[in-house]
Every structure is written in C-alpha cells, then in structure tokens.
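Engineer: Chain by chain, the residues run as shown.
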Amino acid sequence: MTNIVLPRRQLLAATALTALAAPAIVRAQSKEPIRLGTAMPLTGSQAGYGADFVTGMRMAAKDVTEAGGIAGRPVEILALDTQADPQLGINAVNRFIGVEKLPMYFVAWSPVVKAVAPISNREKVLAINTGANAPEIAHLGDYVYTAFPLADVDISKLATYSVKTLGKKRAAVLYINNDTGIDAAKIYREFFTAAGGQIVAFEAYDPKATEFTGMLLKTRAANPDMVHIHGLLTDVPQVIAQMRQLGMTQRVSTYSVAYNPKILEQLGAAAEGLIVTSLAPGVAENPRLTPFIERWKKEAGRAPNGLPYIQYQYDMVLMAKAMYEYLDKKGIAATGESLREALLAVKTFELPMTGQMVVDGHRVDKPVYLLTVEKGQFVPLATLS
Amino acid sequence: MEYLATVAILIALYVILAASYNLVIGYGGLATVAHPIFFAIGAYTAGLLAIHTDLPPVLNVLLGAVAAMAASVTLAASSLRVSGDYLLIASLGFQLGLLQLIRNLELTGGPGGLSNIPSTIVGAARTPIFLAITIGLAIASVLAIRAIVQGPYGRAITAMRDEELAFTALGRNAMTMKIVIFAIGCGIAGVAGGIYAYYFQYISPDQFEVLQSAQILTMVVLGGMGTAYGPVVGALLLLAIPQAITFLHLPPSIMAPTQGIIFTTLVLIFLFVRPAGIMGVDSSKVRS
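Chains as they are written, first to last, in my numbering: chain E, 4 to 388; chain P, 86 to 373.
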C-alpha cells in the first residue's frame, strides 16, 4: 500500500509544481527573447574548446528559460565564429553591434579580446571575457571586463605552492613564445623566486614547434627539481612525452589548459604526477557538477573539453540574468552603458558552477584548485584561496 | 550599417593589397610571398608612431609606406639579381625573419600584438570617413597601377616579364625596373597597413603570417592575374562570401566544410572555365 501512495504523492507534487511553473515558462517563452552574443572559435584548430563553450552556454540558456527566463523573457544564445582569429573576431563583434544590436557580448582568446576591445570602447558595448587570461586584458578600456581570472591569479599561487608546500627549490620554465606563454612564464618566475626558489632554466619554444629535444637537453643539464610548462593543449603533451623519453623524471606543472581528459589519453603513464590548475570547483567541491557532467555526456556522447572553462560559460548566462534583472527592477533599458553600471553595482555574483564571483575593477579573483594525475585520473591536490 | 561598412573597409584594404601584389607578381612577374610583411611594416610603423609621437596620422601612414618601400628595396637589391625560385626563397626568408623579429621585440608588443593604438577620428562619422578614405585609396591604387601598366613604362614592364634576356639586350636595365615595381607595390601595401592600424587599433604578428600571401594570391588569380580590375573582383568575392555564409546560421559542423568546399570549388571552376581569372582574357581565344 505504502509503495503505491508514495509515487502518487510525488506525482501530485510534480503535477502541482508543473502547474505552478507552467505560467512562468509560457510567459517567458511568449515574450521577446534576450539574446546573448558569444564570439568563439567554432571552426579551426581551437573549435574543440570554442564549440563546447557555446554548448555550455546554450545549456544554461535552456535551464534559465525553463526556470522563467531573465525578467520573464526567454534567453537565446547567438554564437559567431572567430576561429580564434582577431580579424574574424572584429567581424563577429561588428555584426553583434551593427546588425544584431546587442548591448553586451561574451568573448574569449586573448588576441581576439584585444582586437575587439577598441570597438567595444568606441561603441560603448559591454565585452566580457570568459576564457582568455592575458594580464593585459585588465587594461583594455572602460567597456572590457573579465569574468575569468587572468594569468596572475593561478600561476602566482601555483609557483608559491611549488616552493612552500612541495618543497621545490630549482624550477625550469618552458613556455610557448606567444601571448599565453610569455606573460605567464614571467609571473611564474617572479613568484617562484619571491617564495625562495631559483629558476634554473627559462626557455621559450616556437608555437609551431613539434621537436623540443634541444631545449629539453639544455633544461636537463640545468638539473631542475620541477618543470613548469606553459603552452597549449597541442604542444604541452608533446613536451612532456619528449621529456620522459629523454629520461627526465621531474614533476611537471602546467595550468588549466591541460585539465583535459585528452591529455591523459595522449600521455598515458607519462602524465603521472602532472599538476594542473583549475579555476572552477571540481566534483568534490560542487555537487552540481556531477549531474552536469552526466547531462553533458548524455547529450554530447562524450566528456566536455576543458570542463572548468565550460563551467564559466554556463555561469555567464546566470551573470547576465543578474545584470538584466537589476536593470529591470530599476526600470532601466539595457544598453552597453547601463549593463556596465549593472555589472559594477551587482559586483558579487553567486554562480552555480564556479561559485562566488566578485568583480574587482577589471579583474576577478577566485580560489585556485590544484589537481594531480594519479593512476590515470585527475585527483584534487590542494585548494589555494 | 557599421557592420557592412567595416566589411567594406576590409574589402577596400584588400583590394589595395591585391592590386599592389598584382603589380609585383602579375605584371612584374616577380614571384614573392613577402607581401604580408610589407603590409605589416606599414601597420606597425604607423601604429608605433601613433602611440609614441604626435605626428599627424597622414604623415604616419606615409612614413609607414616609406618604411615598407625601404624594406622592399633592401630585399630587392639583394635578391633581384636572381629571379624565379631563388627570389621566392629569399622573399620567404625575409617574410619569416622579419615577422619573427616583430614577434620578439618588446617595442612591437611581441606576440601579443600592439594594442591601444589611438583612435584618430572619434564620433559617429569615424567609420564613414574611413570608408570614404579606403574606397578612395582603393580606386586610386587600381587606377594608378592601371595607368602605370597601360603606358609605355607598362609595356616595358610586360616585355621584361615575358622576355628578360631580349629586354636587357635592347639596352634596358631590368634590375632597376624590378626594384621600382617592387618598391611601388610594397609601398602601396604599406599604405594599406597604416590605415588598417588606424582603423582597427590593434595589430598582431599572427595577422601578417605568410599564409596571407596565399589569400592575396588567390584573390589575384581568381580575379585575373595581370588585369587591372581582377584583384578588385577577387578581393570582393573572397571576403564577402565567408561573411554571407555566416548569415545562413549553419551549424559549425556544416559551416567549416562548407567554407572549404566553396573555396575549393570556386578555384577549380575558374581553373577549368576561366583559367585567366574572372577579368582575364584567354590568350588562346584572342589569337583565334
């Protein structure tokens, strides 16, 4: 008897909830949608990340719309392809502003963010960086903000942790000779040295390089007890693999780009001990993440590329919701200027996937989650706040 | 409107680039792949002068063109004694070496590029003014190149390109002519670079990679190499089509192959149907 009553109660409760929620959903879907623009690489070499970023944002838009929308309006994501190319980024943003008349858009990849910044400042349209980490992004103008912590957040904490907690005293820094690598390598060097360590090798490699033996032999001769590699997903596994082939057994650290299941598949046993950073809480810290990953796997048939980055993309829709609803309550129309004011006025955003975000001028600070590879899996190592 | 105007400005800048490249490779027969670096020299010179000096923008753009011309003369004087494959290799080395230098200098912003280039013109009139300037310069470049190649000097250029030995035997100095053509073509590319820097206010080494040569060459070949208006048609088609495709709102899995297929198909069609390019005249038909 009990077995029958309980489902019936649940059924009644579900029906009642649906009946209560239905008007909100119907209201949300019948109103003119709020369109959020995102300029990401949907084709080309970076599409693996960019396309997943947009998927993450679309999932959030669906969830927000089903929960009543933003100020009662459904949410739509308008994604344009940049191929991570500055010129295509400019075209995409001009279209957001000139054709689609959007007051705000999201963007990632440092060269693209820098290229579109003058347009945003000129046209007074709010640009929010959701994944690029060049420190220069904090100085791109009044209408360019970041929701993603810049390189000085995670790399500084990682370098200090390596000396003070792991007890490493001699580090080698190998970095890709581009925007991503140069700034981060300098930050690592500064903080590792400040914590009492010594940088024994500081080597740059070409973004198109596939052969690193010369650089690695030089590094081996310097006898480091830690190697920090700051590159891209395409080259970091190659550098690590060639290190191991040359008999270099030092512990390797890198950053969030390598927090990716692909790197484990590529490196196998060579990945053991690898330290990566994540700027978003993992499944251990955030109970919402496991159902999200399961949902993703169900919908996409695979694990997401760059999960922490996708957590940020998901949260951007919620951040936009808070900003639009702030303006709605005050009866102010959404423009680039008013949305900028809303961003600064709301300031503290409680976000479901990445936790609390406090906008501190043109920067955000977040806890850094360190993970390491153990038995072919990423496992939590430390949380640095 | 802003969007269309920006696309039009970009097309006009590429018309200038393609027309100048056409002068060098199409009329002059000088096989070079270094055109993007002269575009870059113009852009970086104007951009750096705009950031660090109070010189008027027109002068900065002209100085960018002069720098591009000077660099082209350096390359030409050292490598135009040879031609064909050797020039191609020398130009490739020049392009790669100089770009690597730009990528590694702090002054040029390194690989992160040069940002915060000041906006010379502010307000609503900015884009229309740049549009008028770039379209005006594109028309002027095409007409100036047309005037050069259709006059007696142009006939001498064609003669040198088609039969250098006979041309030299007639007492003409092929080397000087090559250097002049190269300098004019590269100087025009430098002007395009300067305006690019002022309009877009951000430049990075990745925008001037050697692969840009392939894009500009495709514009020239598709439009008609050695024709006055071919580069205009080529630049228009190759820049407008990808923008038009984005309005179809195709999913990325379809978008990426669609763009590739369209370009490959266009090139193949023109290779078979109009081997001399859209504006080109088939020489076999002229003879018949």
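Simulated from the structure, these hints should not be mistaken for lab results.
From the three backbone atoms N, C-alpha and C, an ideal C-beta is built for every residue, glycine too.
Treat the hints with care, since some could be wrong.
Stretches of chain P that chain E covers, calculated by requiring three or more beta carbons in the stretch to come under 8 Å of a beta carbon on chain E [as the list claims (entries may be wrong)]:
1. 91-100
2. 188-198
3. 285-292
Which residues of chain E face chain P? A few of them, derived with a C-beta cut under 10 Å, are [as the list claims (entries may be wrong)]:
4. Glu126
5. Lys160
6. Glu275
Engineer: Each of the hints needs a verdict: does it hold here or not?
Structural biologist: Taking the hints in turn, this is what the structure says about them:
Counting residues of the region 91-100 of chain P whose CB lies closer than 8 Å to any CB of chain E gives 3, so the stated coverage by that chain holds, three being the minimum. Under the rule that three or more residues need a Cβ within less than 8 Å of chain E, the assignment of the region 188-198 of chain P holds, with 6 such residues. Note: the region 285-292 of chain P has 6 residues with beta-carbon separation from chain E under 8 Å; the three-residue rule is met and the coverage holds. For glutamate 126/E, the interface hint holds, since its Cβ comes within 10 Å of a Cβ in chain P; the closest pair sits about 8 Å apart.
At a threshold of 10 Å, the smallest CB-CB gap from lysine 160/E to chain P is about 23 Å, leaving the interface hint violated. Because the beta carbon of glutamate 275/E sits about 32 Å from the nearest beta carbon in chain P, more than 10 Å, this interface hint is broken.
The structure shown violates the earlier hints numbered 5, 6.
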